[in-house]
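So the protein sequences, as listed, match chains P and W. Under this note's numbering, think of the first position of the first sequence as 1, with each following residue one higher. Under this note's numbering, think of the first position of the second sequence as 1, with each following residue one higher.
Keep in mind that the hints were calculated from the coordinates and are not lab data. Model, not experiment: these values are computed from the prediction. A portion of the hints provided could be inaccurate.
Heads up, the list lumps identical chains together, so a pair's fine if it works in one copy or across two of them.
[To be verified] Simulated crosslink set (BS3-like; lysine-lysine; CA at most 25 Å straight-line):
{"hint": "1", "residue 1": "K15", "residue 2": "K132"}
{"hint": "2", "residue 1": "K25", "residue 2": "K168"}
{"hint": "3", "residue 1": "K129", "residue 2": "K25"}
{"hint": "4", "residue 1": "K129", "residue 2": "K28"}
{"hint": "5", "residue 1": "K128", "residue 2": "K58"}
{"hint": "6", "residue 1": "K126", "residue 2": "K28"}
{"hint": "7", "residue 1": "K17", "residue 2": "K58"}
This is what each chain is made of:
There are 2 protein chains.
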Amino acid sequence: MDVFTAIQGRRSIRKYKSTPVEEEKLSKVLEAARLAPSASNTQNWKFIVVRDETVRRKLAEAAGGQSWVAKAPVVIVACGTEPDGIMLCGQHRYNINVSIAVTHMLLEAYELGLGTCWLGRFEEDKVKKLLKIPEDVRVVAVTPLGYPSEEVLPRPRKSLGEIVSYEKYLY
Amino acid sequence: MDVFTAIQGRRSIRKYKSTPVEEEKLSKVLEAARLAPSASNTQNWKFIVVRDETVRRKLAEAAGGQSWVAKAPVVIVACGTEPDGIMLCGQHRYNINVSIAVTHMLLEAYELGLGTCWLGRFEEDKVKKLLKIPEDVRVVAVTPLGYPSEEVLPRPRKSLGEIVSYEKYLY
Numbered sequence: 001m002d003v004f005t006a007i008q009g010r011r012s013i014r015k016y017k018s019t020p021v022e023e024e025k026l027s028k029v030l031e032a033a034r035l036a037p038s039a040s041n042t043q044n045w046k047f048i049v050v051r052d053e054t055v056r057r058k059l060a061e062a063a064g065g066q067s068w069v070a071k072a073p074v075v076i077v078a079c080g081t082e083p084d085g086i087m088l089c090g091q092h093r094y095n096i097n098v099s100i101a102v103t104h105m106l107l108e109a110y111e112l113g114l115g116t117c118w119l120g121r122f123e124e125d126k127v128k129k130l131l132k133i134p135e136d137v138r139v140v141a142v143t144p145l146g147y148p149s150e151e152v153l154p155r156p157r158k159s160l161g162e163i164v165s166y167e168k169y170l171y
Numbered sequence: 001m002d003v004f005t006a007i008q009g010r011r012s013i014r015k016y017k018s019t020p021v022e023e024e025k026l027s028k029v030l031e032a033a034r035l036a037p038s039a040s041n042t043q044n045w046k047f048i049v050v051r052d053e054t055v056r057r058k059l060a061e062a063a064g065g066q067s068w069v070a071k072a073p074v075v076i077v078a079c080g081t082e083p084d085g086i087m088l089c090g091q092h093r094y095n096i097n098v099s100i101a102v103t104h105m106l107l108e109a110y111e112l113g114l115g116t117c118w119l120g121r122f123e124e125d126k127v128k129k130l131l132k133i134p135e136d137v138r139v140v141a142v143t144p145l146g147y148p149s150e151e152v153l154p155r156p157r158k159s160l161g162e163i164v165s166y167e168k169y170l171y
């Protein structure tokens with residue numbers, strides 16, 4: 001599938017089939033994250049793959065009680081290590097690096113017919129406690145992974161004219 | 001081009017041809033950013049396309065004097081608006097949203113035969129002053145865009161075993 005087709009077609013999926021995700025597909029999604037670029041190639045990321053149903057339910061509770069999250073056969077928790085590292089531009093490295101890797105996963109999952117939904121609505125402390133994540137590691141994103149059982153229409157987007165300017169900031 | 005092929009093949013390009021980037025290709029790269037998902041669909045991003053050579057040179061100066069940046073016929077500056085917005089997980093929305101959009105651009109550019117290089121090494125104040133970016137807008141990333149004039153070998157990556165664990169954080 002073309003990159004552009006994946007970018008156009010990807011949706012946030014909130015209804016999943018219980019069909020398991022094949023090992024080969026899971027590996028390819030993780031591989032997509034592994035190959036992501038990162039500032040100075042730090043690769044300061046860790047991914048926790050949760051398949052245990054009890055743990056998935058607790059994760060869903062930590063995600064503001066979004067119980068649909070636990071319906072997916074896999075939930076991936078994306079973490080950033082060395083959270084103190086800051087780039088010259090003033091941005092932390094860890095959350096930007098992890099965001100690149102998770103974006104790779106979302107697009108690759110879609111190419112493989114799998115659904116995902118990037119979650120920012122979760123209580124980090126609860127997720128850390130549940131998965132024994134060390135204090136100095138940050139949880140940046142959580143996404144379910146599984147076969148979609150819904151068709152989702154595209155959500156509205158701003159026009160290019162609203163988000164692009166030339167030569168200087170002009171809005 | 002397959003998503004996975006793009007993920008595998010994309011490189012950070014630091015040598016560019018002076019060949020202009022076709023309007024159609026530039027639009028498609030920007031469209032890839034426009035279609036990116038964002039927390040609550042906020043789309044709180046702005047992209048500045050710089051083609052003027054003098055401005056590109058000044059951008060390169062603000063990017064720690066990386067003069068090769070100005071050699072690319074286009075430089076894109078990716079900004080986040082509403083920088084105060086924070087998600088339940090504790091992460092800011094703007095830098096994660098912009099990172100997703102820039103990752104889309106990098107992959108789409110590669111699909112179109114174009115090179116990019118995500119820069120975190122720049123002085124935000126200087127970039128903001130140069131491009132008249134308002135105080136309450138953050139610059140998250142800068143990337144040149146153009147036809148590569150170098151072949152870059154893949155950089156080393158950690159193994160899956162080093163970055164993936166199951167059911168809990170185990171490293």
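Hint check:
1. For the homomeric pair K15 and K132, neither the shortest alpha-carbon distance inside one copy (28 Å) nor that between copies (44 Å) is at most 25 Å.
2. Taking the closest pair of Cα atoms, K25 and K168 come within 25 Å of each other only across two copies (20 Å); inside a single copy the shortest separation is 43 Å, beyond that limit.
3. Taking identical chains as interchangeable, the C-alpha atoms of K129 and K25 are never at most 25 Å apart, the minima being 28 Å within one chain and 46 Å between chains.
4. Taking the closest pair of Cα atoms, K129 and K28 never come within 25 Å of each other, the shortest separation being 28 Å inside a single copy and 43 Å across copies.
5. Only within a single protomer do K128 and K58 lie at most 25 Å apart by alpha-carbon distance; the minimum there is 12 Å, versus 44 Å between protomers.
6. In this assembly of identical chains, K126 and K28 lie within 25 Å of each other by CA distance neither inside one copy nor across copies; the values are 28 Å within and 41 Å between.
7. Within a single copy, K17 and K58 get their C-alpha atoms as close as 19 Å, which meets the 25 Å cut-off; across copies the closest is 53 Å, which misses it.
Consistency with the previously given hints fails for numbers 1, 3, 4, 6, ordered from lowest to highest.
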